[in-house]
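All residue numbers for the sequence shown refer to the numbering used here, where the first residue is 1 and numbers rise by one.
Just so you know, the hints here were simulated from the structure itself, not pulled from any lab data. Backbone N, C-alpha and C define an ideal beta-carbon position, used for all residues, glycine too. Mixed in with the good hints there might be a few duds.
The following label-pair restraints were derived from C-beta to C-beta distances [said to hold, decoys possible]: (1) Glu-53 / Gly-348: 41 to 51 Å; (2) Ala-250 / Asn-35: 26 to 36 Å; (3) Arg-93 / Ser-52: 27 to 37 Å; (4) Val-345 / Asp-70: 50 to 60 Å; (5) Asp-370 / Arg-163: 35 to 45 Å.
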Amino acid sequence: MSATIDLPEGSQARAAFPAPRRPEKLVEVVIPVYNEEHVLEASVRRLHAYLSEGFPYGFRITVADNASTDRTSEVAARIAADLPRVRAVRLDRKGRGLALRHVWSASDADVVAYMDVDLSTDLDGFLPLVAPLLTGHSDLAIGSRLGRGSNVVRGMKRELISRCYNLLLRTTLAARFSDAQCGFKAARTQVVQALLPQVEDDAWFFDTELLLLAQRTGLRIHEVPVDWVDDPDSRVDVTKTALDDLKGMARVARRIARGRFGAKAPTPLSRDLPRGMARQIPRFALVGIASTVAQLVLYVLLRSIMSPLAANALSLLITTVGNTAANRRFTFGVTGRADALRHQVQGGIAFLIGLGLSTGALALLHGLADRPSRGLEVAVVLVANALATLLRFLLMRVWVFGPRTAKENAS
Numbered sequence: 001m002s003a004t005i006d007l008p009e010g011s012q013a014r015a016a017f018p019a020p021r022r023p024e025k026l027v028e029v030v031i032p033v034y035n036e037e038h039v040l041e042a043s044v045r046r047l048h049a050y051l052s053e054g055f056p057y058g059f060r061i062t063v064a065d066n067a068s069t070d071r072t073s074e075v076a077a078r079i080a081a082d083l084p085r086v087r088a089v090r091l092d093r094k095g096r097g098l099a100l101r102h103v104w105s106a107s108d109a110d111v112v113a114y115m116d117v118d119l120s121t122d123l124d125g126f127l128p129l130v131a132p133l134l135t136g137h138s139d140l141a142i143g144s145r146l147g148r149g150s151n152v153v154r155g156m157k158r159e160l161i162s163r164c165y166n167l168l169l170r171t172t173l174a175a176r177f178s179d180a181q182c183g184f185k186a187a188r189t190q191v192v193q194a195l196l197p198q199v200e201d202d203a204w205f206f207d208t209e210l211l212l213l214a215q216r217t218g219l220r221i222h223e224v225p226v227d228w229v230d231d232p233d234s235r236v237d238v239t240k241t242a243l244d245d246l247k248g249m250a251r252v253a254r255r256i257a258r259g260r261f262g263a264k265a266p267t268p269l270s271r272d273l274p275r276g277m278a279r280q281i282p283r284f285a286l287v288g289i290a291s292t293v294a295q296l297v298l299y300v301l302l303r304s305i306m307s308p309l310a311a312n313a314l315s316l317l318i319t320t321v322g323n324t325a326a327n328r329r330f331t332f333g334v335t336g337r338a339d340a341l342r343h344q345v346q347g348g349i350a351f352l353i354g355l356g357l358s359t360g361a362l363a364l365l366h367g368l369a370d371r372p373s374r375g376l377e378v379a380v381v382l383v384a385n386a387l388a389t390l391l392r393f394l395l396m397r398v399w400v401f402g403p404r405t406a407k408e409n410a411s
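Please take these sequences and the hints and turn them into a complete structure.
See below:
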């Protein structure tokens with residue numbers, strides 16, 4: 001039996017959590033902190049002033065100290081005594097997810113939210129974040145640093161890790177949200193309180209697991225592009241956090257495979273694949289087979305008049321143009337001329353990756369063997385193409401013909 005989230009009989013997932021009625025909507029903003037005495041007071045006072053001046057709903061700011069060993073708890077208590085809509089909570093165990101779980105599970109607000117203590121995200125994004133939740137349009141909302149309209153300032157290392165992590169979530173766990181890690185999220189309180197018992201992580205993977213669970217339950221996740229500036233004094237251990245996230249992904253994948261994650265029982269493999277992929281894979285395979293055959297024929301014909309590297313490059317270039325056009329229409333369902341040139345350019349980058357793999361393989365072959373046979377050359381090109389094909393499919397699905405441009409039909 002799979003774990004379930006109780007929903008009223010005959011209702012859809014989103015209708016299961018009716019918004020409570022009260023004269024004034026209340027939003028509770030949680031700031032989880034650990035050893036942040038140096039920045040806590042300035043950040044909380046800035047947030048309190050911002051919300052007091054122009055936020056059109058009632059609000060409460062909760063500083064959730066998860067076992068700090070410096071003076072963070074003292075600073076939080078002093079601010080709470082001074083500002084009327086600020087309170088301080090002290091936990092005896094460390095964990096950002098634990099702090100959020102503790103406050104959110106007991107909250108009486110209509111909407112609960114959290115943001116990082118450094119306020120790296122522009123506060124002008126807060127009202128667009130919570131408004132769809134207060135109106136009942138959406139169930140959860142996340143700030144996205146990876147969507148169109150966002151403006152991000154951060155180092156290359158963090159940018160690369162973030163993009164790779166979110167790409168892994170989309171390709172392995174079928175995530176349909178763009179940025180799981182941004183410390184700027186909100187949810188309808190009754191939604192969160194219904195989901196929390198199934199969220200196992202109490203550290204940095206907490207909100208990713210919450211989002212994956214909400215998605216599988218059929219809830220609506222709203223994304224807001226945000227402006228975000230990296231805090232150079234961040235205390236986050238990026239490497240350790242990344243490893244913990246990978247472990248969390250593996251754990252969630254095991255729970256999904258066993259039917260113990262989300263409100264639905266286990267389904268056939270084709271339904272566990274990301275939306276549309278069950279239809280896309282066989283079509284992409286057919287296009288890929290045709291392209292590979294065409295490329296090998298062209299390679300053999302061109303090999304008689306030019307070097308192996310030149311024949312490989314030219315034959316691959318010609319078939320890549322046809323491959324991109326065929327996948328655009330046949331595999332990913334994109335019609336019309338809009339963005340056709342951009343798709344070919346992006347497909348060209350996939351071509352360069354394939355060219356690098358096959359050229360490197362041919363160069364290695366000729367380095368190891370004095371005069372390899374034509375058949376061995378063709379075999380090497382075929383194997384290199386197979387490796388490039390897998391990567392090309394991922395690039396096309398996530399980047400070239402991703403959710404913003406593909407017109408996918410449900411499988």
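To see whether the hints hold, each was checked on the structure:
| no. | hint | in the structure |
| --- | --- | --- |
| 1 | Glu-53 / Gly-348: 41 to 51 Å | holds (50 Å) |
| 2 | Ala-250 / Asn-35: 26 to 36 Å | holds (29 Å) |
| 3 | Arg-93 / Ser-52: 27 to 37 Å | holds (32 Å) |
| 4 | Val-345 / Asp-70: 50 to 60 Å | holds (52 Å) |
| 5 | Asp-370 / Arg-163: 35 to 45 Å | holds (43 Å) |
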